[in-house]
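All chains should be modelled from the sequences, with the hints used to inform the complete structure.
Here the sequence shown stands for residues -20 to -1, 1 to 318, numbered as in mature numbering (1 follows the signal peptide of the UniProt record, and there is no 0).
Quick caveat, the hints were computed from the structure, so don't treat them as lab data. Quantities reported herein were computed from a predicted structural model and do not represent experimental measurements. All C-beta atoms in this analysis are idealised placements derived from N, C-alpha and C, irrespective of residue type, glycine included. All clues given are correct.
Quick list of the computed label-pair ranges, beta carbon to beta carbon: (1) Q190 to G72: 41 to 47 angstroms; (2) M159 to S184: 24 to 30 angstroms; (3) Q116 to L311: 34 to 40 angstroms; (4) K315 to M217: 26 to 32 angstroms; (5) K89 to G61: 25 to 31 angstroms; (6) N118 to K318: 42 to 48 angstroms; (7) E212 to L233: 29 to 35 angstroms; (8) Q193 to V221: 20 to 26 angstroms.
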Amino acid sequence: MRHFNRSLLTFALTVLPVSAASAQNAIPAQPVQGQTMQGQQMPGQAMQTQAMPGMPMTPVRMGSALMNGRIPASGMVDVTGARVFFKAEGRGRPMLLIHGYPLSGELFKNNRAALVAAGYQVITVDLPGFGRSTLQGNEASIEFYARSILGTMDALGLKSAVVGGMSMGGMTLLQMYRMSPERFTGLVFIDTTADPAGTAEAASWRGNAQQAQQMGVASLVPGILPRMLTGESRMKMPNQVQFLSGLVKQASLNGTVAGGNALATRPDANPVLATIKVPTLLVFGLEDNLTPTELAMKMHNGIAGSKLVLIPGAGHAATFEKANATNAAILSWAKTLK
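In structure tokens:
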């Protein structure tokens, strides 16, 4: 990795040339520090926990589950309109990670070990209707997802945490911060945007929802995978293709339909950017054609003191495709947290 003082850009793995024009565009709106881009548990709530893989989940009361101050290894939390599955590893500072559409918390499977080894308690969640989480009905919104994950934090006794979100997870994170900024000690945005969907993009997301209804969730895989992974990874890393395909196929039909429509109707979160007052990292795949670098720069310039890392050879799922580079970026940034 190399740090550029003029451009204030951090590139992972390889050094990329930066033109004078792009360097000027990279300077955040407010002064930065350093050498890189800087820009409850609910009463009576029930939860299911699973102590070891393969064991059936048993409902327990939140009080007894957290009596020793520890979050269970995995479980289900009841929130309004959904049941949210979570998985926790480690015993350090909490870091909660939110996946994108239409995946699950297992998107971060290659990030957990490195973050845990660095002293973090890593908590991943499945958004309602994805992975092992369930959604009541066929409707959702980005605000609904935000309330669901804030409710999950309440149930797990997380008063505050470092929280990261990829793609739709990042959009969810922006709404979470808007609702409860005091809950966050740091933010990590991965391949996401604060922009609302334009006409063409909204039609595309609604098309995904309609296709899932008519042809099944698995039919979305051929269209989604080229966005998630670069062509090189799809050719040379069939295991990555197989794994992400499996995550898509695991999504429920109602969750996939609701998620597509939620992306199509998402709010403009750009006003939230200027309100962010906690350390913020942005990690974007350099070859991401869904949320390209222009959107990364827009977010970076909108968040005072934020740091931006661009990862070469990564598409929209940079945190999975180039997990080592993503881990290095997060841990380097995390050293600055108080």
